[in-house]
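Student: This is what each chain is made of:
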Amino acid sequence: MSQNSTSAADVQRLQLLQQGVWSPLPLIRRRWLRVSLNLGVLAYVIAAWLSVDVNWDRVAQGMDRGVEFIASFMSPDFVSRSGEIFVGLQESLTMTFTATIIGVLLAVPVGLGAARNIAPAPVYYICRTIIALSRTFQEIIIAILFVAMFGFGPLAGVITLAFATIGFMAKLLAEDIEDAQREPLEAIRATGGTWLQWVNYAVQPQVMPRLIGLSLYRLDINFRESAVIGIVGAGGIGATLNTSINRYDYDTSAAILLLIIAIVLLSEYFSGYVRRWTQ
Amino acid sequence: MPIREKDGQKEWLRREPAKQYAIWAGWMLGGMLFVWCWALISENTIWEFLYDADEQAASLIGRMIPPDWSITGSLMKPLWDTINIATVGTALGILIAFPLAFLAARNTTPHASLRAVALAIIVSSRSINALIWAMLLVTIVGPGIFAGMLAIALRSIGFVGKLLYEAIEEIHPTPVEAITATGASGPQVLAYSVWPQILPAFAGISVYRWDINIREATTLGLVGAGGIGLQMNAAINNLAWAQVATVFVLIFATVVLSEWVSAKVRHAVI
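Residue numbers (our numbering), protein chains in the order written: chain A, 1 to 279; chain B, 280 to 549.
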């Protein structure tokens, strides 16, 4: 099989080495796989290049506007739309906070159910289905559905973010529980504790630091997402941002983007601090 | 160990009383903040819409089933566009993120000021969602697949850059010293001691980002940046929920497939 071809290549490489010619080892040892992968990539690039039509005239026309947008970061306008920006940011932040708490609270039972080492098979499959559903679709798609069901406003956003949080947190929590050390689990079980006591004293202490860290990370993600779902009417700063961009009011857009970046940075700094403190 | 005397008997406490009160106060403040946030949201919600939410949900699902399979053929080109947006966008993003990561890593950066600039670029790119980048780029380069690719690339820079520079900072210094000791030039040191060490992480990160980008590319059409999202948006605006359901099924299948590919590749390289 390929064993022969690789050893032949090795012999050839050795002969070249003896003549003083060195070449690095190929990344993929099997020659047929290497060649077909390279050909596949080449074929894809050609196919993609042929099927993408870019209107370069339009791109060239837009360049002025691009420069204008970048320049607007030097002169962000926080003032003239300050009312809308304040309300939008407040809504985004409150949505983020409530949705993360509700989502994490709901994710804990789902995560427990999705851990193979502590959940019975039917519960395991139900919980894994919930996780897969929540993780496959982007927040914005879920937001469209929830806006259609619950009407415009921040409530649809909260439900969207909470739903997305469930999938994210439950999956990582379940993986963490599956990686938990067996000894404490057996020890608490041997004392005759109930299932709840078992989870509280054997599982919880092992996963808590990571759960806190992940919750803070998710808080951060939810804030970033809350800036987007406003586009489809689910509340938050996204609607304001969308309007300002569509009006080519780049100074206001730049102000909003800078605020988003600042808040993300702050929350990242804060969560790093808390994570060091809990671990 | 904190111990409290009670009725002549010693009682063990888990924490010092002051610390315990501080923790309770923290929980109370958190609870108050939650209630306050909820009150704000409740104020801005039209609860009348909620009374018939179950009917709305039922009718929505009723109109989605069965999906309208007749449009599947016409969705293939947008789906191909979506995959192109994700793939080309990821490739562009990696191209930019790669040198940036070397500038941002503490052990390979040529100068501290360059490092600060690189970190600033990475943070701004990461903080802003691909959809927002797409909204902006649609107004700059016009609607279409090109705006989508650029949006995906801009968002990927931060993600790939951050994970890659962290990988560079975690490399083993011994091979670097060994290659430097042979008299190798700066680029040679990078190529023969740093690069082989970060290669598995690099491949893993790239494929992981590609997988995420496939998901994100499915929605970029909502703001006019090409791909299957355009068809989804049109179907939603026409309230043709059976067609929306078809798009959802296709997105689901694509995402599952890309996740499978990404898991396979990451399994192979790590």
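For the record, the hints were derived by calculation from the structure and aren't laboratory data. Certain hints may be false.
[To be verified] To spell it out: a stretch of chain B is covered by chain A in this simulated footprint if at least three of its residues, at any positions, have a beta carbon under 8 Å from a beta carbon of chain A; those stretches are:
(1) 286-297
(2) 460-467
[Said to hold, decoys possible] DEER-style ranges, computed between Cβ atoms:
(3) B:516 x A:46: 32 to 38 Å
(4) A:46 x B:318: 55 to 61 Å
(5) A:266 x B:325: 28 to 34 Å
Note that beta-carbon positions come from the ideal geometry of N, C-alpha and C, so glycine has one too.
Student: Are there three or more residues in the stretch 286-297 of chain B whose C-beta lies within less than 8 Å of some C-beta in chain A?
Tutor: violated (count 0)
Student: Starting from the hint 32 to 38 Å, judge whether the C-beta atoms of residue 516 of chain B and residue 46 of chain A obey it.
Tutor: The hint (32 to 38 Å, Cβ to Cβ) holds, given that residue 516 of chain B and residue 46 of chain A are roughly 35 Å apart.
Student: Cβ-Cβ distance between residue 266 of chain A and residue 325 of chain B: within 28 to 34 Å?
Tutor: With a Cβ separation near 32 Å, residue 266 of chain A and residue 325 of chain B satisfy 28 to 34 Å, so the hint holds.
Student: Given a hinted range of 55 to 61 Å, is it respected by the beta-carbon distance of residue 46 of chain A and residue 318 of chain B?
Tutor: Between residue 46 of chain A and residue 318 of chain B, where Cβ atoms are some 58 Å apart, the hint holds.
Student: If you look at each residue in the stretch 460-467 of chain B, do at least three have a Cβ nearer than 8 Å to any Cβ of chain A?
Tutor: Since three or more residues must qualify, the claim that chain A covers the stretch 460-467 of chain B is violated, with 0 doing so at under 8 Å.
Figure legend: structure checked against the earlier numbered hints; hints not met, in rising order: 1, 2.
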